[in-house]
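Novice: Letter by letter, the chains look like this.
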Amino acid sequence: MKITMKSIVAVVLLVVLSVPVFASGQSEGEAGKKAREISAMVMQTRNYEGLQDMMTRMKEEENIAVDLQVVPDDQYLNLIKIKANSGEATDLMDYNAPHILDIFEPEKYLVDLTDQEWTKRLINKEMVSKNGKIYAYPFLSTSGYQAMIYNMDVFEANGVEVPTTPEEFEAVCEKLKAGGVTPILLASDAWVPQIWMTSGYSRVLGSDAAAEDFAEKLLSNKAKLTDYPELEAPLDHYLSMFEKGYMNDDYLTLNIDGVYGKLGKGEGAMFFGSLGLANSIELAFPEGNFGMFNMPTSYDSKDLISGGPFSPSFVVSKDADDLETVLEVLNIWARPDYASMYFKGRPGFPALDGVNGGDLPPYALDIYNKYVKGGKVVKEMNINLNALSSLNPSTLWVYYQEAPSKGNMTANDILVRWQNDIEKFMTEQKAPGW
Amino acid sequence: MIKKESGFYPLVLVVPALFVFTLFTIVPVLMSLTYSFTDWNIMRMDEPEFRGLLNYQRIFADPIFIRSMMNTLLFAFSTTALKTLFGLGLAVLLIKKVPGNGLFRTLFYLPCVLSATVIGVLFKAILTETGLLNNGLQLLGLGFLGRDWLSSYGTAMLSVIYIESWMWSGFNMMIFIAGLQAIPSDYMEVALIEGAGRIKRFFHVTLPLLIPAFTVVVTLSMAGGLRVFELVYVLTNGGPGFDTQVMNTYSFRAFSQGLLGESAAASIVLAAVVVTISFMLNRYLKSREVEL
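Chain order of the listed sequences is P and R. Numbered according to our numbering, the first sequence spans residues 1 to 434. Numbered according to our numbering, the second sequence spans residues 1 to 292.
Please keep in mind that the hints were generated in silico from the structure rather than gathered at the bench. Among the clues, some could well be false.
Computed cross-link-like contacts, DMTMM-like style, restricted to lysine to aspartate or glutamate with a CA-CA straight-line distance of at most 20 angstroms [claimed, not checked]:
#1 R:124 / P:117
#2 P:430 / R:49
#3 P:430 / R:230
Which residues of chain P face chain R? A partial, calculated answer using Cβ under 7 angstroms [said to hold, decoys possible]:
#4 78
#5 81
#6 256
#7 267
#8 386
#9 389
#10 391
#11 405
#12 427
Using N, Cα and C, we set each Cβ at its ideal position, and we do this for glycine too.
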């Protein structure tokens, strides 16, 4: 029999193309379970190693694969809105709870999870509930708080200590500046400078009740930003840091990784961030000595700390093809052995009882004991003004960078400009009261 | 009587291409045009209401949009000029049969096959305060020239213009090389016999006969420049402030705020600008073409 080149090629192709078929058959046999797949969307910066490990383990043990769509943060919110509105949402969608429960009408788009077994172990049920029903699976009970992260070695080398009053804070900055160290680092990513103000606005208003009242009035067109002149104080404080030369010169181009680098190497001394960001810095510089303190300010005499009672969470779309599997996945992830994996390298406050959130650094525990247990925490303002979450990144957050770089806006100018943006945004949405 | 045959393929063969083109180009453009006259909003996707020209009035009253338009025109005209000049220069140098010219052609062509996002990220690292450019200047004793290149309007805009020109000069070089190779050698020989020097031959023989290549290069460069998005988005994201916003980033900004009708209106204005300028340029250059 004559074997032609055509036959050889055909046989080779057949073998090559059959490999994946046999391979998948084999893995199905190993797991001993039927192969299933669900889809999920997650923000790029939140596709943590711990979460990836949970998915890998679930594939190996349960033969359930997650078709994960990783989306850049700045496009994420619009994408989930469009997908949900056009009936093409993934089975699971990542976003912060409670924010996502305001973005979507839960009854219309999301699956009610109240009856799931794991909800009985939730530490902060309120965070994932709306109208008495639970709609999200959270990983954390709180994301922590916003405070000044600092390099302890730099403080020690320059002979300065953690400041406890606004005057001491200024003195520390002056001494660090004189020592050739950038006192405060700021990143060019627009979400970084706004941390100063989302924290400051809540602290200056003095309580959650006052902040909620302000937000309710602002969002229903019953009050304007200019009716609250005290909001200018955090802005003035932030702008004064530039005028005094405390901020890094390259704050318009240095990204967040660059900030971690400068802080880790001791080129900068402080960075106003959150517990999550402190985790990232510790991961990048495991040998470094870092600490956190609540920035003392003249506009907050009560020494409050702003916190984030929110958490990266998954909600389940009503369009999910295989709802049974999706709910099974959440049940598996809620098991303490799985849920603890989420905290690999990123210790935090677990959402569910019985889960090990890892060893929190001493400074995190100190703040927790002093402020959280002492009832001195206010919600950051972004939570109260969640309805503006898709407006602010391309307006207000840009003004926070434009004002110091061009010197063209005072605190009042920023608020007036933001008010105009809010009016247009809410009117276009035909929101109640507008 | 013998029936006259047309000599063309049957028109029915165009149908699949026409269907795809209609579905993915004509329909979206028409939908965009329709939505640009409505108050379509991401929070009310099912209920857009007609509002006439209001979106257009609003964007033309917005100083950021006017700035975006000016930046887009500045970007498109300057990159077209630079890409054409660099492309022509490279083509004239590399048309000669010298050792290694194949390698150089490949090297100069290479940037245009890379993603604009990759190039943006690469140059962002080069242009930062502690980046390669400032380090190089330092080594040359020109450290005083160093700066944060993307943090002020002038240097940020210049950087984006330069990078776009660097990316696409190689592509234009290839078109010019094809144009130069298509010029019959008889013309050059006659000019040589008539005593024309190198410069005279270039300006009076080569350039006029290269006009068809210019038509392609200028039209493509202009249309590409007007539609710029990725490079600006990655390098400056329209900043510092709103200084380097271009029309496409403006449209994206409106989209990200959920103002879909306004975003559509900005896109339609951009489409109109691209079509008008490209058409006028193409028509002008076509009128200057010489038959070989």
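Novice: Determine for every hint whether it applies to the structure shown.
Specialist: Hint check:
{"no.": "1", "hint": "R:124 / P:117", "verdict": "violated, 49 angstroms"}
{"no.": "2", "hint": "P:430 / R:49", "verdict": "holds, 12 angstroms"}
{"no.": "3", "hint": "P:430 / R:230", "verdict": "violated, 32 angstroms"}
{"no.": "4", "hint": "78", "verdict": "holds, 6 angstroms"}
{"no.": "5", "hint": "81", "verdict": "holds, 5 angstroms"}
{"no.": "6", "hint": "256", "verdict": "violated, 13 angstroms"}
{"no.": "7", "hint": "267", "verdict": "violated, 10 angstroms"}
{"no.": "8", "hint": "386", "verdict": "violated, 13 angstroms"}
{"no.": "9", "hint": "389", "verdict": "violated, 10 angstroms"}
{"no.": "10", "hint": "391", "verdict": "holds, 6 angstroms"}
{"no.": "11", "hint": "405", "verdict": "holds, 5 angstroms"}
{"no.": "12", "hint": "427", "verdict": "violated, 10 angstroms"}
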